Structure formats: structure tokens, C-alpha cells
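Can you make the complete structure from the sequences, with help from the hints?
Start counting the sequence shown at 1; every next residue gets the next number (our numbering).
None of these hints come from the bench; they were simulated from the model.
Quick caveat, the model's predicted, so the values are computed rather than measured.
Just so it is clear, CB atoms sit at the ideal spot from N, CA and C, and this is done for glycine as well.
Check before you lean on any hint, since a few could be wrong.
Unchecked claim - Restraint-style ranges between C-beta atoms, simulated for each label pair:
(1) His114 / Lys42: 21 to 27 Å
(2) Glu113 / Arg10: 38 to 44 Å
(3) Val71 / Arg103: 20 to 26 Å
(4) Leu39 / Arg99: 20 to 26 Å
Said to hold, decoys possible - List of simulated lysine-lysine pairs, DSBU-like, C-alpha gap at most 30 Å:
(5) Lys66 / Lys42
(6) Lys87 / Lys66
(7) Lys25 / Lys66
(8) Lys64 / Lys96
(9) Lys79 / Lys96
(10) Lys42 / Lys21
(11) Lys79 / Lys64
(12) Lys64 / Lys25
(13) Lys64 / Lys42
(14) Lys21 / Lys66
(15) Lys42 / Lys25
(16) Lys21 / Lys64
(17) Lys64 / Lys87
(18) Lys66 / Lys79
(19) Lys96 / Lys66
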Amino acid sequence: MDKGWIRIWRLDEREIELSRKLTEKAFEIHFGEAQAIVLARKINALLLIDESSGRALAEALGLKVKGTIYVIMRAVREKLLRRTEAKEIVLTLVNKGFRIEPRLLARILREIEHL
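Have a look at this one:
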């Protein structure tokens with residue numbers, strides 16, 4: 001926050017109510033995810049979200065959506081992480097309960113190796 005690249009946003013009452021409505025519908029998302037979707041739409045921002053229902057709703061609303069794996073791979077591309085560190089982080093996430101199909105995990109680990 002000190003460097004200015006993290007900002008704190010507040011939703012107004014109408015946006016909070018919209019967030020509540022999103023959680024009540026058949027979208028199966030939590031209130032925090034709904035708020036993130038509403039805010040991303042408000043400020044036209046890239047939305048970082050992994051949960052599949054939230055991603056699907058955000059994409060249906062026309063939002064640009066990325067997830068944790070994207071952030072890790074981008075960090076490798078920008079030389080903020082070494083490939084070995086990135087692979088270790090991905091495997092730790094999986095071991096801690098991050099859900100990902102085995103085929104996709106194998107592909108991600110191969111892609112990291114070639115970054």
C-alpha cells in the first residue's frame with residue numbers, strides 16, 4: 001500500500017446489496033467472491049479468483065479472469081521467482097488442498113520448466 005500499487009476500495013450500499021443477491025442466486029459463490037466480482041466490474045479490473053463458480057460467473061459477466069497459477073507463472077516470466085521455486089509453490093498448494101486435475105498439474109509443471 002505504501003508504494004501505491006495496492007488500493008483499498010469500498011463498495012457503496014447498492015454494490016453491497018448486489019453482492020448479497022449474487023450469493024443468494026444459484027451461483028454458489030461466497031459474499032467475498034461476489035464483492036470481488038462487483039468491484040472488478042466497477043473498476044474494469046482483472047479479477048484474480050480460483051473458485052470455479054466465481055470464475056464462471058465473472059467470465060459470464062465479461063470480466064477478465066486469472067488465478068493463482070497465472071500469478072505464479074507470470075512471476076517466473078518476470079524473474080521474480082525461479083522455476084524451482086514456482087514448482088515447489090504449486091506442489092505445496094496442491095498438498096494443502098488446492099484442487100487441480102492431475103493432467104493439468106503435470107502440464108503446468110512442464111510449462112514452468114520451459115519458462
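Structure-based check of all given hints:
1. His114 / Lys42: 21 to 27 Å: violated (37 Å)
2. Glu113 / Arg10: 38 to 44 Å: For Glu113 and Arg10 the Cβ distance comes to about 42 Å; the hint holds.
3. Val71 / Arg103: 20 to 26 Å: holds (21 Å)
4. Leu39 / Arg99: 20 to 26 Å: holds (25 Å)
5. Lys66 / Lys42: Given pair Lys66, Lys42 holds - Cα atoms ~17 Å apart, limit 30 Å.
6. Lys87 / Lys66: holds (18 Å)
7. Lys25 / Lys66: This hinted pair holds, its Cα atoms lying about 23 Å apart.
8. Lys64 / Lys96: The hint holds at about 27 Å.
9. Lys79 / Lys96: holds (25 Å)
10. Lys42 / Lys21: holds (16 Å)
11. Lys79 / Lys64: Given pair Lys79, Lys64 holds - Cα atoms ~24 Å apart, limit 30 Å.
12. Lys64 / Lys25: holds (22 Å)
13. Lys64 / Lys42: holds (13 Å)
14. Lys21 / Lys66: Distance ~24 Å between Lys21 and Lys66 Cα, so the pair holds.
15. Lys42 / Lys25: holds (20 Å)
16. Lys21 / Lys64: holds (21 Å)
17. Lys64 / Lys87: Holds. Lys64 to Lys87 sits at ~25 Å (cutoff 30 Å).
18. Lys66 / Lys79: holds (19 Å)
19. Lys96 / Lys66: Distance of about 20 Å is within 30 Å: holds.
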